[in-house]
Every structure is written in structure tokens, then in C-alpha cells.
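Listed below are the residues making up each chain.
There are 2 protein chains.
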Amino acid sequence: MAEKNLLVGIDIGGTTVKAALISMEGEIISQTAVRTGIMQSEEELAKVAQSILAVAGDDVDRVADVGLAVPGVVSPEDKLTNAPNISLDLEGLMDELAKVFPGCGIWPVNDANAAALGELWKGAGAGSKNLVFITLGTGVGCGIVIDGKIVVGAHGAGGELGHTNVVEDGRQCNCGLKGCLEMYASSRGLVLNYKEHCASLGIEPVKLDHEAHALPIFEAARGGDAAATAAVADLAHYLARALSNVAMTIDPGVFVIGGGMSGAFDLFGPFVREHYVEWSIPACQNTQILPASLGNDAGALGAAYQALTKGRAR
Amino acid sequence: MAEKNLLVGIDIGGTTVKAALISMEGEIISQTAVRTGIMQSEEELAKVAQSILAVAGDDVDRVADVGLAVPGVVSPEDKLTNAPNISLDLEGLMDELAKVFPGCGIWPVNDANAAALGELWKGAGAGSKNLVFITLGTGVGCGIVIDGKIVVGAHGAGGELGHTNVVEDGRQCNCGLKGCLEMYASSRGLVLNYKEHCASLGIEPVKLDHEAHALPIFEAARGGDAAATAAVADLAHYLARALSNVAMTIDPGVFVIGGGMSGAFDLFGPFVREHYVEWSIPACQNTQILPASLGNDAGALGAAYQALTKGRAR
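Order-wise, the sequence lines are chains A and B. Heads up, the first sequence is in this note's numbering, so the first residue is 1 and it goes up one at a time. Heads up, the second sequence is in this note's numbering, so the first residue is 1 and it goes up one at a time.
The hints are all genuine.
Derived DSS-like pairs: lysine-lysine, alpha-carbon spacing no greater than 27 Å straight-line:
(1) B:K195 - B:K207
(2) A:K99 - A:K47
(3) A:K129 - A:K149
(4) B:K79 - A:K129
(5) B:K4 - B:K149
(6) B:K79 - B:K149
(7) B:K149 - A:K149
(8) A:K149 - B:K129
(9) B:K310 - A:K149
(10) A:K129 - B:K149
(11) A:K4 - A:K99
(12) B:K47 - B:K99
(13) B:K310 - B:K149
(14) A:K129 - B:K310
(15) B:K178 - A:K178
(16) B:K47 - B:K79
(17) A:K4 - A:K310
(18) A:K310 - A:K99
(19) A:K310 - B:K149
(20) B:K149 - B:K129
(21) B:K4 - B:K310
(22) A:K4 - A:K129
(23) A:K195 - A:K178
(24) A:K310 - B:K129
(25) A:K149 - A:K79
(26) B:K99 - B:K310
(27) A:K79 - A:K310
(28) B:K129 - A:K79
(29) A:K149 - A:K310
(30) A:K129 - B:K129
(31) B:K310 - A:K310
(32) A:K4 - A:K149
What the hints contain is simulated information worked out from the structure, not anything from laboratory work.
Could you build the full structure based on these sequences and the hints that come with them?
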């Protein structure tokens with residue numbers, strides 16, 4: 001019998017499924033990405049499982065465990081809830097994966113949590129056991145790792161940092177609350193910051209293609225535009241406020257900032273750091289705030305890490 | 001040889017040392033309290049250890065592990081730091097305890113963390129694995145338990161919730177920061193809330209003996225005094241803000257409120273709950289907010305629980 005010394009990490013997105021064959025040391029041996037339709041029918045799920053199986057090639061007998069990053073809350077009973085951006089029958093997919101990887105554990109994990117584990121294992125947080133990963137995109141996602149394990153929370157709401165309050169009675173968020181971090185530090189938040197400053201400074205806004213189009217604002221800020229600069233400063237201000245409050249609650253070893261907007265980390269990172277130090281007690285002031293380093297591989301690597309630790313504990 | 005099936009839990013205070021002999025199930029079998037001087041000299045420490053030993057009586061051979069709650073940050077190397085309110089040579093005391101309890105593990109733990117563990121084990125949080133304990137006294141202390149273990153943090157600053165920000169550019173705190181929870185929800189904070197409302201409402205303040213004299217304000221609020229009622233409402237407002245932010249970060253199963261001010265929980269608790277629900281995402285809205293139930297026994301029980309879990313993991 002082949003030695004079981006490989007992992008498969010899978011990252012399920014809205015239109016694409018990425019899968020990687022990964023060593024126990026976190027080295028990516030091979031990877032694949034396939035476009036998918038709605039993942040509900042047994043036929044479609046079987047097809048997805050087959051395309052994932054392909055990544056293992058001749059080494060399928062060596063696969064010990066399979067990790068699965070999914071965009072939604074994963075309940076303790078492996079049910080998928082709060083997943084507005086995807087149509088996926090998670091249990092059905094797990095059944096199909098169990099068929100193509102017989103004898104393997106199949107371990108689902110929320111995708112922001114997977115990215116946090118990936119950065120902890122092989123990315124910007126490597127070497128740390130306690131990490132807070134924040135993803136800045138259309139929304140603000142977060143994965144919290146304490147003692148090497150994801151903080152899922154009593155109701156699956158661990159890491160819902162995007163909905164912590166940073167402005168008393170502030171902007172209305174889609175979640176129903178007001179003044180959520182997400183309304184100031186996501187790409188949608190940045191656009192709102194920018195439009196407010198344009199209005200108050202009498203500056204004509206640059207063209208934005210949609211309500212979460214951050215790139216032109218970052219470019220304008222780099223060019224010295226006053227409203228864009230102030231909008232980025234707001235983002236940094238409120239993100240730093242949230243980070244310092246998290247530091248004085250669970251005191252992580254490192255903060256890692258990922259997501260689409262982390263490409264502009266060089267622009268806002270130094271301001272985040274400056275405010276963070278200003279607003280933290282001395283014990284926490286030296287905590288690093290780093291940009292994510294794994295890019296699109298974080299999800300698959302983190303899913304594999306989840307499989308590794310869950311498999312070992314089995 | 002006697003079966004090792006008992007624990008000793010010790011709670012070190014500024015002027016009093018409490019010790020209890022406790023069963024593995026958390027039942028207090030006997031307890032003692034002794035007044036102490038400055039705990040620095042070998043002579044004094046030996047005396048303290050002897051008086052602690054007395055609690056075990058004839059059962060000393062049955063003691064498996066000894067837990068020690070201390071008012072300060074306990075480093076991973078069992079050094080005591082950030083302990084402004086006590087003069088204690090912790091390592092010296094641990095040496096003396098090792099002499100009188102030969103073969104036992106001696107496990108120190110911060111006192112707020114010990115109280116959190118005590119409430120988790122035998123108090124208001126019994127049955128939960130994830131708990132946030134908040135002590136409202138002259139300051140605001142906090143112990144966070146995730147998966148049955150204290151969140152110490154990368155720099156020992158886990159649970160420094162009293163210094164999270166609740167008011168942008170708010171009141172100056174002794175820690176150097178502004179707008180800390182402690183400046184609004186501790187007894188000192190309550191006095192400040194009250195004096196502000198007295199001034200703005202033109203109400204003559206009741207007599208307060210010191211800057212942290214909360215009791216007369218609670219009494220005035222019970223009597224319908226407008227400034228005192230508003231001061232208590234402020235306390236509830238800012239405490240709820242902090243709790244909801246903690247919920248959307250680590251999503252505990254229960255919040256437990258202890259400390260000297262928790263005697264007025266019936267007065268402010270309902271307002272905390274009301275705001276907490278208003279400011280939390282649905283997943284966290286049903287999290288219980290309960291008054292502590294162990295009173296002065298929480299520290300010794302929690303120290304024993306720390307000893308139990310550390311001893312088992314040894």
C-alpha cells in the first residue's frame with residue numbers, strides 16, 4: 001500500500017474551482033482550475049469531483065486527507081449556511097469527493113478561514129501560532145487563528161470583524177447595522193469615503209465603473225488627488241481602529257491583510273501601522289501588520305492545512 | 001500511596017491569600033483566608049505556603065496539582081509582570097509551594113483569567129467552552145476562554161478589553177490612550193459619567209467618598225435621579241458596544257459580568273442586553289449576558305481548574 005503522505009486542497013469559488021496536490025510540508029506539487037456551473041445536481045458534482053481528482057494523477061493512493069474551502073459559514077455539522085454568493089450542495093460534493101478519494105477525510109472550511117490558515121502555514125504569518133487575517137475586497141472578511149486553530153465561534157460568527165462598529169451611528173450597512181468597518185474599509189467603503197470627500201472639497205470624482213471600483217481611487221491618491229488621499233486615509237484610520245481593538249482583545253502575533261485591495265498595501269499600510277501604534281497599549285504596539293503573500297494559493301493551501309490538522313486529530 | 005484526586009486553588013490578593021481544597025469535580029471541600037504582608041522575603045513566603053498547606057489537612061498526599069491566581073500578567077516563563085497592586089515574588093512563592101506540596105505541579109494564572117475559568121467550570125458559564133468574563137470594578141478586567149483555554153495572547157495582552165476604544169478621541173485613560181471602555185464602564189467611569197450629567201442637567205451630585213464610589217450613584221438611579229440614571233445608561237451603552245464588537249470577533253457562547261459593580265447587574269444588565277441585540281448581527285444576538293455567580297470563590301476555583309487542565313496535559 002502506498003504511503004499516505006499527500007494532501008489535496010480545494011478552493012471553491014462562484015465560477016471556478018481550484019485544486020492543488022500538496023505535500024505534508026505545504027509544497028504545491030501540482031494544481032488545476034476548472035470553471036463550473038451551478039453545483040447542485042449529482043451529475044455536475046460528480047464532474048467537479050472528477051476534475052479535482054485529476055490533480056492527484058497517479059498519486060491518488062498517497063492522498064491522506066482532502067480540505068475544501070467554501071464561501072460561506074460551515075456549521076459544525078458540515079452544513080453550508082450564509083453563502084449568498086454561491087449555489088453549492090456542500091454535502092453532495094463531499095459525497096462525490098469521498099467516492100473519488102476513498103478512505104480520505106473530507107474537511108470543509110470557510111474560505112476566509114482557509115486563507116488565514118494558508119498564510120499561517122506558508123505565507124506572511126509563517127512561524128506564528130496566532131494570526132488575524134483580514135481580506136479587503138467588496139466586503140471585509142476575516143479569519144482568526146488562535147493556537148493554530150480557527151476561531152469558529154459559538155454560532156459560526158467568529159471573524160465577522162467587518163461588522164464590528166467603528167463609527168457610532170455611522171453609515172448603514174447591508175447587514176442591518178450602522179457604522180460597520182466594512183462600510184469604511186472595503187472597496188465599497190472606499191468609494192463612499194471618496195465621494196464624501198469629493199463633495200466636501202468640491203472635487204470632480206474620477207470615473208468609477210461600479211460602486212466598489214477601488215483601483216481608480218488608489219491611482220488618484222498616488223497622483224496626489226486630495227479627495228482620494230483623504231479617502232485612503234479614512235480606510236487606514238478605521239482599519240487601524242478595528243485592529244487595535246482586536247489586539248487588546250485576543251493579542252495576535254501578526255495581522256495579515258489580503259484580498260483584492262491589498263495590492264495597494266504600500267499606499268495605506270504605513271498609515272494603518274501609524275494609527276495602530278497610536279491606539280494600542282505598549283504590549284501590543286510591535287505586533288506586525290503585513291500584506292498577504294500567497295495570493296490566489298492561500299485558499300487551497302489553507303484547506304490542505306485544515307485537512308492536515310483535522311486528519312491528525314482524527 | 002494515596003490516590004491523587006484533589007486540587008488546591010489559591011487566590012492571591014493585595015492583603016489576603018485565599019486557598020481552597022477542591023475536588024476534581026469542582027466541589028470546595030475546605031477553605032481558608034489569611035492576611036499577609038509584603039510577599040518578598042523567603043521567611044514570609046514560607047509562612048504563606050504553610051498557611052496554604054493547612055487547607056489540605058490530612059489530605060495533602062491526595063493533592064495532584066496546585067493553581068495560583070495572581071493579580072498581574074503571568075509570562076509564559078511564570079514571571080509576574082504588570083502587577084502594580086501587589087508586591088509578590090512569584091517564583092519564590094512557587095518554590096515554597098513546591099516544598100509543601102512535593103510532587104505537585106504549581107500553575108500560576110492571572111486572576112481575571114482565573115475568575116473566567118472558575119465561572120466556566122462551576123459558575124454562570126458552566127457547560128460552555130467559550131466564555132468572555134468581564135470584571136467591572138475600579139477598572140475593567142477581562143478573561144477570555146476559547147475551547148476551554150485562556151487566551152493569553154502573543155504578548156500577554158489577551159483580554160485587555162478595558163482598553164479597547166468605545167469613544168473616538170474620548171476621555172483620557174491612565175494607560176495613555178483615549179476613549180477606553182474603562183473610562184466609561186468602571187466605577188471610576190461611572191463617577192465621570194455621573195458628574196458630566198449632573199453638570200449638564202444642573203443637578204447637585206450626591207456625596208461620593210472617592211473617585212470610584214459607584215454605590216451612591218446606583219442608589220440614586222434606583223431612586224429615579226435623572227443624572228444617575230443617565231450615568232448608568234452610559235455605562236450600559238458603552239459596555240454593550242464593546243460586547244457586540246467582541247461577539248463579532250470571537251463569538252463566545254456566553255458573557256459573564258463580575259466584579260464589585262455586578263451587584264447592580266439588575267439595574268444595568270437589561271440595558272446592556274437591549275443595546276447588545278441592537279448592535280449585533282443575528283447569529284450573535286442570542287448570546288447570553290449573565291451576572292457572575294461564584295462571587296469571591298471564582299479565583300480559587302479557576303486556579304484549581306487551571307491546575308487540573310495543565311496537570312492533565314503534562
